[in-house]
Amino acid sequence: MSKDTKIAIIGAGVSGLVAAMNLEKHGYKPSIYEASDRVGGRVKTDYIDGLAYDHGFQVLLTEYPAAKKYLDLELLDLVYFRPGSVIFYKNAKAIIGDPLRDKSLLFSTIFSKIGTLSDKIKILKLRNEIKKKSLDDIFRAEEKTTLQYLKDFGFSDQVIENFFQPFFTGIFLENQLVTSSRKFEFVYQLFSTGSAAIPSKGIQAIPNQLSAKLKQTQFHFNTPVKQVNNTSLSLLNGDEAKFDYVIIAAEAAKIIPNLPDLQEWKSVENLYFEVENKVIDSTIIGLMSNQLKSLVNNIHYSNSLINNHYLLSVSVVKAHELSDQELINQVIKELEHIAKIRVVEFKKLYRIKNALPKMQSVSYMLPKSETQLKEKIFLAGDHLANGSLNAAMLNGESAALAVIEKIEKGRLDIGS
90 MSKDTKIAII GAGVSGLVAA MNLEKHGYKP SIYEASDRVG GRVKTDYIDG LAYDHGFQVL
150 LTEYPAAKKY LDLELLDLVY FRPGSVIFYK NAKAIIGDPL RDKSLLFSTI FSKIGTLSDK
210 IKILKLRNEI KKKSLDDIFR AEEKTTLQYL KDFGFSDQVI ENFFQPFFTG IFLENQLVTS
270 SRKFEFVYQL FSTGSAAIPS KGIQAIPNQL SAKLKQTQFH FNTPVKQVNN TSLSLLNGDE
330 AKFDYVIIAA EAAKIIPNLP DLQEWKSVEN LYFEVENKVI DSTIIGLMSN QLKSLVNNIH
390 YSNSLINNHY LLSVSVVKAH ELSDQELINQ VIKELEHIAK IRVVEFKKLY RIKNALPKMQ
450 SVSYMLPKSE TQLKEKIFLA GDHLANGSLN AAMLNGESAA LAVIEKIEKG RLDIGS
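Heads up, my numbering is the position in the sequence shown plus 89, with the first residue counted as 1.
Calculated lysine-lysine pairs in the DSBU-like style (CA-CA distance at most 35 Å, straight line):
#1 Lys407 with Lys367
#2 Lys221 with Lys209
#3 Lys240 with Lys407
#4 Lys192 with Lys240
#5 Lys240 with Lys157
#6 Lys382 with Lys367
#7 Lys182 with Lys437
#8 Lys211 with Lys447
#9 Lys290 with Lys447
#10 Lys222 with Lys447
#11 Lys495 with Lys92
#12 Lys355 with Lys315
#13 Lys442 with Lys304
#14 Lys290 with Lys304
#15 Lys331 with Lys118
Listed next, with one range per pair, are the computed distances between beta-carbon atoms:
#16 Asp191 with Lys222: 18 to 26 Å
#17 Lys202 with Thr234: 20 to 28 Å
#18 Lys304 with Phe435: 40 to 48 Å
#19 Asn180 with Leu324: 52 to 60 Å
#20 Leu224 with Asp161: 22 to 30 Å
#21 Asn217 with Asn319: 48 to 56 Å
#22 His426 with Asp191: 27 to 35 Å
#23 Lys407 with Glu218: 28 to 36 Å
#24 Leu195 with Glu218: 17 to 25 Å
#25 Lys422 with Leu324: 44 to 52 Å
I should point out that these hints are in silico values taken from the structure, not numbers from a laboratory.
Just so it is clear, CB atoms sit at the ideal spot from N, CA and C, and this is done for glycine as well.
All chains should be built: construct the whole structure from the sequences, respecting the hints.
Structural data, given as structure tokens:
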């Protein structure tokens with residue numbers, strides 16, 4: 090078949106965009122069908138009255154291998170976080186961080202009461218051990234829960250409740266730390282070797298940059314796909330579109346007949362407030378100790394200013410049954426009581442039901458040979474590996490290269 094082969098990609102999230110980049114690189118001209126009005130999928134930002142509201146507190150880890158391959162980090166104008174956190178606990182707060190990367194965190198970390206001296210020595214030991222591991226070491230290791238991993242390493246309940254639980258709850262979007270130890274080691278290594286950062290224009294800048302690189306791809310926005318039959322797309326508007334190959338960079342079970350829907354999702358609520366005062370710097374994340382039993386998990390000050398006030402992002406991970414107004418009131422109460430933050434006005438609430446895929450077992454990426462669902466239908470998306478920007482990019486790449494191999498060789502090599 091020629092380079093005129095018709096290839097459809099369903100979903101303009103990060104995975105679908107990277108799939109399109111790889112197809113274009115090999116001379117193909119894919120068509121992307123996207124249900125929403127923009128690129129990015131779960132990676133999105135609303136721009137209202139000059140302010141950027143990310144859908145969920147999302148950061149880019151600069152050491153993601155795929156980020157270095159597919160993104161121009163300099164053009165993203167990244168705002169970098171310091172390698173530490175401010176932890177609120179028992180009417181006090183403490184700063185803990187990596188003094189090997191930021192010397193100013195040395196004394197605050199040593200003298201903080203969030204863990205024992207033995208815990209702090211173990212944190213450095215853990216950092217050094219994980220830094221030495223290869224990706225193969227991490228993703229071939231026996232899996233256990235992150236909580237069990239930390240206990241087996243010898244950490245006290247005190248430092249687990251005060252630091253590890255609140256910090257990784259915000260990353261894993263679950264507060265029991267049942268996430269695979271492989272994911273923990275992978276993320277911990279990235280935090281130890283690189284930085285967490287947010288584009289100055291919001292997380293949407295990442296998919297926007299990827300899509301700007303696409304010159305031969307046709308986009309169909311606000312065009313939900315109702316069903317995929319072989320390589321024919323039935324669109325929700327009643328139209329049909331026929332293709333030679335299809336890459337589904339979305340939940341396949343929603344559009345493939347008789348495919349079991351086994352994917353479960355983790356949720357998060359993200360609230361924004363205009364606040365009067367700044368209790369932590371905008372380059373550090375604020376965490377609520379697990380001992381406080383608060384709904385609020387983390388806080389982050391945006392660089393945006395409103396009438397000489399500040400824009401504060403708040404994440405809630407714990408399950409509850411509060412209405413929108415009850416949730417807003419409870420969060421304001423906790424901010425004032427725990428962190429002494431004076432709220433001026435509520436700005437925005439996002440209830441994000443499909444924030445991260447639930448996964449008992451994780452892998453680094455999907456090999457090309459495992460992306461094929463049917464003869465001419467292939468899968469992409471971070472939910473197939475480990476739920477991260479890195480996995481989204483790599484799985485988009487795998488699916489595209491699998492399609493190219495199938496077109497040009499007529500087969501997929503097993504194990505490729």
